[in-house]
Amino acid sequence: MEPVVTAGLDGSAESHTAAHWAAVEAVRRGASLRLLHAWVLYAADGSGSPAEKERNYWAERIVEDAKNEIRQRHPDLPVTAHVTAEDPERALLRTGEESELLVLGSRGLDAVESFFLGDTALHVMARTVNPVVLVRAGERPEEPPPGAPEPRVVVGLDLRGPDDAVLRFAFEEAARRALPLYAVHGRSLHYSAPAGVAPQAREEVGNAVTEDLRTLLLPWTRKYPGVTVEAGARLISPAKAVIQASRGADLLVLGRHRHRIAPRIGAVAHAAVHHAPCPVAVVPVA
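For the sequence shown, UniProt numbering gives the first residue as 1, with consecutive numbering after it.
Take these hints with a grain of salt, some might be off.
Derived DMTMM-like pairs: lysine to aspartate or glutamate, alpha-carbon spacing no greater than 25 Å straight-line [said to hold, decoys possible]:
id, residue 1, residue 2
1, K240, E204
2, K223, E86
3, K67, E2
4, K67, E54
5, K223, D212
6, K223, E204
7, K53, D87
8, K240, D250
9, K240, E203
10, K223, E172
11, K240, D158
12, K223, D164
13, K53, D76
14, K67, D10
15, K223, D119
16, K67, E100
17, K53, E89
18, K240, D119
19, K223, E203
20, K53, E100
21, K53, E150
22, K223, E211
23, K240, E230
24, K67, E89
25, K67, E86
26, K53, D10
Cβ pair distances, simulated, as ranges [claimed, not checked]:
id, residue 1, residue 2, range
27, R160, Y57, 18 to 24 Å
28, A208, D65, 18 to 24 Å
29, Q244, R160, 34 to 40 Å
30, P3, D65, 21 to 27 Å
Everything labelled a hint here was simulated from the structure, so no lab data went into it. Remember, predicted model here, so these are calculated numbers, not experimental data. Glycine residues also receive a C-beta, built at the ideal position from the N, C-alpha and C atoms.
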């Protein structure tokens with residue numbers, strides 16, 4: 001089956017940004033791009049009253065306008081536009097199963113508030129069988145803020161495994177972008193003494209975690225010798241660790257354990273998709 005990247009469109013500026021991000025990703029992967037808009041009132045056969053036909057027209061414009069813009073920027077990229085008369089969540093889950101990657105948009109409220117994600121995006125991320133990327137609205141600034149690290153791919157690891165799917169995705173993304181990969185693990189130190197944890201103990205824990213990360217990464221650095229890799233332990237909560245590490249990053253990659261009874265994305269991924277300042281990829285793992 002030909003590889004395909006799917007971008008969900010709902011007419012918002014956020015989904016428009018996500019579609020253009022997905023186009024660049026499809027080019028990197030040598031994949032085609034599918035633009036999808038789902039609306040339960042869409043009349044697929046084109047019949048109906050003039051009012052219904054007008055609603056159809058605007059639904060089709062959402063994907064057709066995006067397709068035309070993307071073709072201007074990427075003339076060699078195969079792009080298809082689809083409108084389906086389905087519930088958006090159901091449509092995205094169905095097409096996500098057929099796609100290498102599903103790309104959705106996130107909405108920035110303002111500079112101090114967290115990102116807003118609709119229930120549809122969160123539910124899809126928790127249930128899809130393939131990776132999902134959430135892309136925040138707005139363009140990447142031409143110049144990074146002062147003190148920001150060089151562009152890189154960041155992967156958050158919990159060291160309890162299995163992380164193979166997450167690491168494979170992260171290394172491949174770093175290789176496609178020709179960027180270094182930074183692997184981070186956050187660990188809160190629990191203590192009861194008023195003075196906190198002794199500096200020597202913090203250093204010992206940090207060194208041990210970093211060594212565990214390097215051991216985990218070693219076989220992957222051999223598989224991807226062209227990717228420069230750095231490992232770092234941060235003795236703070238895992239959520240804070242990945243959000244801090246994602247500053248200036250090109251992409252943040254996280255794992256999500258599959259839960260059949262009550263699907264969820266997990267606390268770290270939930271915090272990241274709301275607060276990380278870069279696109280966030282959530283990869284399902286067993």
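**Message:** So, against the hints stated earlier in the document, which numbers end up violated here?
**Reply:** When the structure is compared with the hints, numbers 2, 6, 13, 15, 19, 20, 21, 27, 28, 29 turn out to be violated.
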